[in-house]
Amino acid sequence: MSSIFKIGLATTLLASLILMGVDLFANLDTYMNHGVAFPQALSLTSLYFPEAFLLALGPAFLFAVTYHLSMLHANNEIMSIMNSGVSFSKVIRPIIVLSVLLTAFHFGFNEKVAIPSSNRKEVLTEQITNNNSASSNNNIAMSEMQNGYMVYASVYSDKDHTLYDVSLLESTEDGKLIRRTDAYKAVYDNEKGLWTFYDVYVYEPTKIDDSASDIKIKVLSVQTNEVLKLEPQLFRSGTNEISKMSLDLGKTYLNRMKGLNKEEYAKLGTEYYKRIFSCLSPLIMMIIACSMNYRFKKNVLFLSLIISICLIVVYYVVQIMTMMMANQGVIAPQLGTLIPFAVMLLVSFLMGAFLRRQ
Numbered sequence: 035m036s037s038i039f040k041i042g043l044a045t046t047l048l049a050s051l052i053l054m055g056v057d058l059f060a061n062l063d064t065y066m067n068h069g070v071a072f073p074q075a076l077s078l079t080s081l082y083f084p085e086a087f088l089l090a091l092g093p094a095f096l097f098a099v100t101y102h103l104s105m106l107h108a109n110n111e112i113m114s115i116m117n118s119g120v121s122f123s124k125v126i127r128p129i130i131v132l133s134v135l136l137t138a139f140h141f142g143f144n145e146k147v148a149i150p151s152s153n154r155k156e157v158l159t160e161q162i163t164n165n166n167s168a169s170s171n172n173n174i175a176m177s178e179m180q181n182g183y184m185v186y187a188s189v190y191s192d193k194d195h196t197l198y199d200v201s202l203l204e205s206t207e208d209g210k211l212i213r214r215t216d217a218y219k220a221v222y223d224n225e226k227g228l229w230t231f232y233d234v235y236v237y238e239p240t241k242i243d244d245s246a247s248d249i250k251i252k253v254l255s256v257q258t259n260e261v262l263k264l265e266p267q268l269f270r271s272g273t274n275e276i277s278k279m280s281l282d283l284g285k286t287y288l289n290r291m292k293g294l295n296k297e298e299y300a301k302l303g304t305e306y307y308k309r310i311f312s313c314l315s316p317l318i319m320m321i322i323a324c325s326m327n328y329r330f331k332k333n334v335l336f337l338s339l340i341i342s343i344c345l346i347v348v349y350y351v352v353q354i355m356t357m358m359m360a361n362q363g364v365i366a367p368q369l370g371t372l373i374p375f376a377v378m379l380l381v382s383f384l385m386g387a388f389l390r391r392q
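Using our numbering, you'd call the opening residue of the sequence shown number 35 and step up by one each time.
One thing to keep in mind: the hints can contain errors.
Unchecked claim - Taking lysine-lysine and the DSS-like style, the derived pairs with C-alpha atoms no more than 25 Å apart in a straight line are:
(1) Lys226 - Lys146
(2) Lys285 - Lys226
(3) Lys146 - Lys210
(4) Lys250 - Lys146
(5) Lys219 - Lys250
(6) Lys263 - Lys278
(7) Lys146 - Lys278
(8) Lys124 - Lys210
(9) Lys278 - Lys252
(10) Lys193 - Lys146
(11) Lys285 - Lys296
Hints in this document: simulated from the structure, not taken from any laboratory.
Using the sequences and the hints given, assemble the complete structure.
Listed below in structure tokens is the structure:
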């Protein structure tokens with residue numbers, strides 16, 4: 035058990051360093067064009083380590099389990115173990131327990147470390163390259179119909195959490211306009227959790243009699259708006275941003291987009307559920323390793339590793355296909371991530387059944 039953990043951890047760290055090197059060279063041109071010093075570039079690359087670590091975790095422990103079990107068969111140690119009355123299911127039981135623990139670790143590490151580190155890397159990269167356009171957005175329309183309002187803005191600047199040319203429309207449940215608020219800009223106050231409007235015009239329709247109405251206009255220099263409850267992250271550009279929000283905020287955003295834009299919902303939902311279910315990767319990979327047939331007469335380790343690599347390729351090919359289908363709305367967003375896992379579980383079940391018949 036300890037040997038599996040040591041081999042898996044060493045392999046994960048090695049693969050993580052390779053992925054960090056790929057990330058460094060992928061961004062090297064950007065760093066050089068903006069005069070980023072090499073130590074600073076290394077510092078930015080180091081922020082990619084948590085994400086790289088999680089990407090390598092599943093395949094690394096697949097290799098570790100495959101190596102461990104193939105060595106048991108190659109050295110005939112498995113025969114001694116089984117002749118002593120210990121079944122193969124008892125041999126792999128600690129491995130399954132380890133896979134469950136790694137799955138829980140994957141989820142917690144991703145939420146608490148990897149995502150904040152990735153966000154930090156993105157912010158620092160934008161500051162160094164003076165590029166705020168990646169997170170900013172234009173021509174925004176957001177709806178919060180359960181709270182009775184819609185908001186429009188021409189520009190959102192993520193650098194200072196500011197909306198420009200803002201229009202906030204409040205309405206009743208039956209769709210009647212209560213108030214319209216126009217402002218030059220709205221700045222989000224992180225401490226209060228509220229938006230502050232500047233250069234404000236407030237339009238309120240007032241009823242004169244049954245056949246006539248008027249509009250009351252109020253002009254304010256500053257207004258703290260308590261109606262608009264949307265967090266600034268919701269105005270950011272890019273469908274991948276939902277994978278960097280908090281889970282609650284991402285779910286709120288996803289539910290909102292479901293009623294507004296079905297195509298955007300499919301893309302956002304695919305990213306959201308991929309983030310949640312990606313933690314199952316170590317569990318599935320290690321179950322596959324436990325279900326493989328190691329009864330080769332020669333080259334047990336080599337042939338076992340070849341089979342494990344082939345299974346990884348099958349998994350990622352199926353995942354690419356299902357993710358494309360989920361992004362296009364052909365299948366439900368959560369199925370884009372769950373189907374590859376189900377396919378791998380089916381493969382492991384069939385392999386295990388075949389192994390038991392031999």
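Each hint tested on the structure:
1. Lys226 - Lys146: 24 Å, holds
2. Lys285 - Lys226: Given pair Lys285, Lys226 holds - Cα atoms ~22 Å apart, limit 25 Å.
3. Lys146 - Lys210: 43 Å, violated
4. Lys250 - Lys146: 49 Å, violated
5. Lys219 - Lys250: 21 Å, holds
6. Lys263 - Lys278: 19 Å, holds
7. Lys146 - Lys278: Roughly 11 Å between the alpha carbons, so the hint for Lys146 and Lys278 holds.
8. Lys124 - Lys210: 67 Å, violated
9. Lys278 - Lys252: Answer violated: Lys278 to Lys252 is near 39 Å, above 25 Å.
10. Lys193 - Lys146: Satisfied, since the Cα-Cα distance of roughly 23 Å is no more than 25 Å.
11. Lys285 - Lys296: 15 Å, holds
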